[in-house]
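Chemist: Protein chains in written order, with our numbering: chain U, 1 to 172; chain G, 1 to 220.
Derived from the structure by calculation, the hints contain no laboratory data.
Some clues are possibly wrong.
[Said to hold, decoys possible] The calculated lysine to any residue pairs, modelled on SDA-like cross-linking and capped at a C-alpha distance of 25 Å, are:
| no. | chain 1 | residue 1 | chain 2 | residue 2 |
| --- | --- | --- | --- | --- |
| 1 | G | Lys109 | U | Arg168 |
| 2 | G | Lys109 | U | Glu161 |
| 3 | G | Lys176 | U | Pro73 |
| 4 | G | Lys176 | U | Arg27 |
| 5 | U | Lys94 | G | Glu115 |
| 6 | G | Lys109 | U | Arg27 |
Residues per chain are reported as follows:
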Amino acid sequence: MLQTLALIQRSAEDPQRVAALARRQERELRGWLAGGDSREQGGRLAGALESAAAEVEAAAGGTVEVVAVGDCPLDEPARAVLGAAREAMLNAAKFAGQAPVSVYAELSDERIAVFVRDRGAGFDPATVPPGRRGVRESIVGRMRRAGGSATVRALPGGGTEVEIAIDRGSRP
Amino acid sequence: MSDASGPVPQVVIVDDHDLFRAGVRASLGPRVEVVAESGDVEGAVCVIEELEPDVVLLDVHMPGGGGEEVIRRLGASRPAVRFLALSVSDAAEDVIALIRAGARGYVTKTISGPELADAVCRVRDGDAVFSPRLAGFVLDAFAGEIPAEQVDPELDLLTPREREVLQHIARGYMYKEIAAQLGISAKTVEAHVSAVLRKLQLSSRHELTRWAVHRRLIEE
Numbered sequence: 001m002l003q004t005l006a007l008i009q010r011s012a013e014d015p016q017r018v019a020a021l022a023r024r025q026e027r028e029l030r031g032w033l034a035g036g037d038s039r040e041q042g043g044r045l046a047g048a049l050e051s052a053a054a055e056v057e058a059a060a061g062g063t064v065e066v067v068a069v070g071d072c073p074l075d076e077p078a079r080a081v082l083g084a085a086r087e088a089m090l091n092a093a094k095f096a097g098q099a100p101v102s103v104y105a106e107l108s109d110e111r112i113a114v115f116v117r118d119r120g121a122g123f124d125p126a127t128v129p130p131g132r133r134g135v136r137e138s139i140v141g142r143m144r145r146a147g148g149s150a151t152v153r154a155l156p157g158g159g160t161e162v163e164i165a166i167d168r169g170s171r172p
Numbered sequence: 001m002s003d004a005s006g007p008v009p010q011v012v013i014v015d016d017h018d019l020f021r022a023g024v025r026a027s028l029g030p031r032v033e034v035v036a037e038s039g040d041v042e043g044a045v046c047v048i049e050e051l052e053p054d055v056v057l058l059d060v061h062m063p064g065g066g067g068e069e070v071i072r073r074l075g076a077s078r079p080a081v082r083f084l085a086l087s088v089s090d091a092a093e094d095v096i097a098l099i100r101a102g103a104r105g106y107v108t109k110t111i112s113g114p115e116l117a118d119a120v121c122r123v124r125d126g127d128a129v130f131s132p133r134l135a136g137f138v139l140d141a142f143a144g145e146i147p148a149e150q151v152d153p154e155l156d157l158l159t160p161r162e163r164e165v166l167q168h169i170a171r172g173y174m175y176k177e178i179a180a181q182l183g184i185s186a187k188t189v190e191a192h193v194s195a196v197l198r199k200l201q202l203s204s205r206h207e208l209t210r211w212a213v214h215r216r217l218i219e220e
């Protein structure tokens, strides 16, 4: 924390860096205030998604806001979702510009659904940058192999939403 | 999303961090008029009683009781004043307690200036303002099962449509986008959100009650 404050002072000329530092510190402090609860340590998906968002913010800049309803253990299907969601977040953060990336997760023992949306400039599917298409296929492919699904939608108002889902219903 | 109509709303900012108040004031721009700021509960109550602003931007956590204490001290004495919670606080129980005390919504401090100005105007017009995080809290609070004989369907359950609207808010959709997605008008989206706010304030659902008790809200 003190170190971050020092960094902020030294980076005062660089507002984006200051924002990123403050943001990271906020997240850490918040995690600490929450008492390092089960979400952080107990191998649960909600906490893992938060951590992934923090990593993506550190790597790609910008803001990734996670809202999770419910929780579930970090087992195999949950890990598949986590990997795909992290990739979707990273991709979204690159295209989001200044607007935050929204991540919404509905987690239960029966089913996991995660939505990752950015507000990047709207795009025409025919002219998707090749890099972006590759990432897209990798997210879809990853989920298909895991027995789930991933859908990518271009939103009319601009931006993209990736919906990642898997049923856990048949598991004990 | 309704654009500001009518006169510029008068706003009081209540937050114990000087720097943050200055930042909010600067980011709000000309669409609202900041008539006063206060850094503590006592000062906030005085200034709100004196100035009767349209909207009070209220921090959840402050020395001396926080936003909830401000609303409770004012009681019903200033019914025209509307409150919007603005905080970094992540604790669901604190945010829900403030809503149950009477705030018309909750936005996180990462909100952009123009969005905040828009939220202020909507609250002034009597609408409810839900951020993605608040939508998540509400979905969580209404998710648990409660014994059927205790359910008041008017207050204790969300309709499928209300749930759908909240899920879209949590996904980061704006009201206008939700309306387009669900094939309803923006006014109808607004009506659903206001209905949810009412349930949030009046439901005696187990989870909400537990939170309220936890925060010593219910003492009688």
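Chemist: Run the structure past the numbered hints and jot down the numbers of the failing ones, going up.
Modeler: 1, 3 and 4
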